[in-house]
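2 protein chains.
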Amino acid sequence: MSVRMRGFASYIRLSDALKVVLSNVKQLGSEVVPFDRALNRALAEDIFSKVDVPPFDRSAVDGYAVQAADTFGASELKPAKLHVVGSADIGAATKLSVRRGEAVKIMTGAPMPKGADAAVMVEHTRVEGSRIAVLAPVTPGKNVSARGEDVKAGEVVLERGWQLRPQDIGMLASTGNVRVRVARRPRVAILATGSELREPGTRLKRAEIADINSYSLAAAVASCGGLPRRLGIVPDGPELLKRALLRAIKHDVVLISGGSSVGERDIVPNAVAELGEVLLHGVAIRPGGPTAFGIVKGKPVFALAGFPVSALVAFDMIARPALRRMQGLPADRGYPSILARLTRKVSSTLGRIEVVRVHVRREAGELMADPIRIAGSGILSSMTKANGFVIVPEDVEGFNGGSIVEVELYR
Amino acid sequence: MSVRMRGFASYIRLSDALKVVLSNVKQLGSEVVPFDRALNRALAEDIFSKVDVPPFDRSAVDGYAVQAADTFGASELKPAKLHVVGSADIGAATKLSVRRGEAVKIMTGAPMPKGADAAVMVEHTRVEGSRIAVLAPVTPGKNVSARGEDVKAGEVVLERGWQLRPQDIGMLASTGNVRVRVARRPRVAILATGSELREPGTRLKRAEIADINSYSLAAAVASCGGLPRRLGIVPDGPELLKRALLRAIKHDVVLISGGSSVGERDIVPNAVAELGEVLLHGVAIRPGGPTAFGIVKGKPVFALAGFPVSALVAFDMIARPALRRMQGLPADRGYPSILARLTRKVSSTLGRIEVVRVHVRREAGELMADPIRIAGSGILSSMTKANGFVIVPEDVEGFNGGSIVEVELYR
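Residue numbers (this note's numbering), protein chains in the order written: chain A, 241 to 651; chain B, 241 to 651.
Hints listed in this document are in silico derivations from the structure and should not be mistaken for laboratory results. Worth double-checking, as some hints may not be accurate.
In this list, chains with the same sequence are indistinguishable; a pair is considered to hold if it fits within one copy or across any two.
Within a straight-line C-alpha distance of at most 20 Å, the following computed EDC-like cross-link-like pairs (lysine to aspartate or glutamate) qualify [claimed, not checked]:
| # | residue 1 | residue 2 |
| --- | --- | --- |
| 1 | K290 | E448 |
| 2 | K445 | E389 |
| 3 | K392 | E514 |
| 4 | K354 | E368 |
| 5 | K290 | D276 |
| 6 | K537 | E448 |
| 7 | K321 | E514 |
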């Protein structure tokens, strides 16, 4: 009770809070998965190519395999004439070879015949009976995709900690890496505290509200690679909460929303303190200040504020880097960032980071960021109308309209 | 055979190709899903709030509910003294009311008692026995989160075509929209053609190569909301291909890689022409030029080149906007774009779009884009090393080093 109406003992800077959090989470183990199930997963090992790519010299064009020296000096007016001795097909190792004065018709991707060291594009030739006229010279190696030119056997093609995209899946296929070791996804237990909470869609009695946070947080967890597990609403009461917390820590991480603000009975930090250790309580960010972090039986526990915007912003600022670190990804928020021009002044308080939700749009080739006007931490529409956010650092009182600012984009 | 060595009749501009493609695909039907399964799905209906959010007037701070008029003129030196007549809790509809000269202790989120029109932050009060001294004035409405201030019942909170993010899932919870109508995800059949293809991980004989495309394309389809279904490798042969195509068009879309280049036997466009209609063949982009598009029994069929980079780039440029359109999303590529400074000159050919893979990095606060040097369409490492790409339009011959260019980011 005494804490409740007193305010936090101290708000610590976000950078310091992150140091505490990140020094208390570590990368989870790994697992081996088929490469075609690995999209968006983070590699837990360096990937070496098992083969040369391409596995043989092949033509990069439709045309003729030649000895480059035969074409030196060739032009429209003075073409080089070569005998066509056959054609090389895709998918078959040709037995043909190319000697001086000869050419082999070849398709893109077909193996180069022995003796040939270049390919002439069909557009630069003219057929004359069994011969071709080459209308432009090629240098040795021209239009040939050499064995190992993309990747050499034994080369590292993708590094540990890399999050796999479609082209990387292609690279795994190409290099014979059909099973890959990836970081295990953190299993994240989510609890929502508060006797006033009801399941969404329920008809609410006066003073009751819908549980928003456990659903939005579950989605946020999934969107940064975690496996969310909603454990439901915990009515107020220290014993109920402690019991729920002990169930939750069977997962890799616990997120609890509500009950971390000094106005919300402080029950979550108290429960964490009783079962383990509270390492920080109160972070100098807005929204999201009433955030606590602790360890219970070795598992990180994030206590987020009950207001939906506070909970999601604090998740982004503090929990998201931790969940990424646990997967071996860079311990940042992982949102793409752009520069945009603020269309209005935004104000902040010295000593505290302000997370300003903005809507970025293109206007006459320039990116403009409109700060969302209604910005209370209870106003979820401030986040649904936003497509990004601007961070106002602790040491400035805001940004003037017209300033160029960095915007992190929500998708 | 005649087409093969002739080159395409005509390459059409990407913008024209997209017009053809987009006028031949339409939004698929919709389905109703539970809101907590709807992350990343595209809404197929406008979402109206079923309730006021918040559902009642509540305090936005820890402190005291008061009549604002009682605090006018209050200061540290001349505080307003008010009788504390009780306290209002979260989750309970208080029966207390606040009259002139009275205050009710209140916590953040608790319903405002009748009569009170503002809340004073605890930090601006001093307890004096059963009274409080208010040290600063509040205006009516101050620190009160009014019923419906976030969202009013009946208001549209999320629009048709919007792709749902974590905060939007929260908004659905908050507004009682526990089931939502979302666009159906396109089911995309994927075929890889070529007798030279083997499953990844197989020991390759000379002239054989691994099937990369059906895997990288499946991942690309998944990453833009489609449901990929790999139907395997189709060996060369028009009858085999036609049979495979007729099986594939039971899906919503067909992607075929290989066999669309003039050097690759042209079998795919020929098969599409025999079973339906080829609407375009050859797009003025590089890589990815040898792309065809047609309709077979009402289903869009994309024939992409066999080279892995060509296939993926053509997918991004032509198929991705179509798959997004089918889900009711904007018919663009959907990648975030930034401005960055090119570190080297990039060259292009007039009349053709060049898609230049780049690696964007931050240097002294500026974003620098390094063009990837090896850029052949067979060189998949040019895409795995890239984190974005620059589009050089048809009407320029490239960009100079030092130019500021738009980069679309791969993740």
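A quick look at each hint next to the structure:
In this homomeric assembly, K290 and E448 come within 20 Å of each other (Cα to Cα) only across copies, at 15 Å, whereas the closest approach inside a single copy is 60 Å. In this homomeric assembly, K445 and E389 come within 20 Å of each other (Cα to Cα) only across copies, at 18 Å, whereas the closest approach inside a single copy is 69 Å. Proximity of K392 to E514 under the C-alpha cut-off of 20 Å is found in neither arrangement, the shortest distances being 57 Å within a copy and 41 Å between copies. Taking the shortest Cα distances, K354 and E368 never come within 20 Å of each other, neither inside one copy (24 Å) nor across copies (99 Å).
Only within a single protomer do K290 and D276 lie at most 20 Å apart by alpha-carbon distance; the minimum there is 17 Å, versus 42 Å between protomers. For a Cα distance limit of 20 Å, the shortest separation of K537 from E448 qualifies neither inside one copy, at 33 Å, nor across copies, at 54 Å. In the homo-oligomer, the alpha carbons of K321 and E514 never lie at most 20 Å apart, since the shortest distance is 90 Å inside one protomer and 39 Å across protomers.
Checked against the numbered hints given earlier, this structure breaks hints 3, 4, 6, 7; the rest are met.
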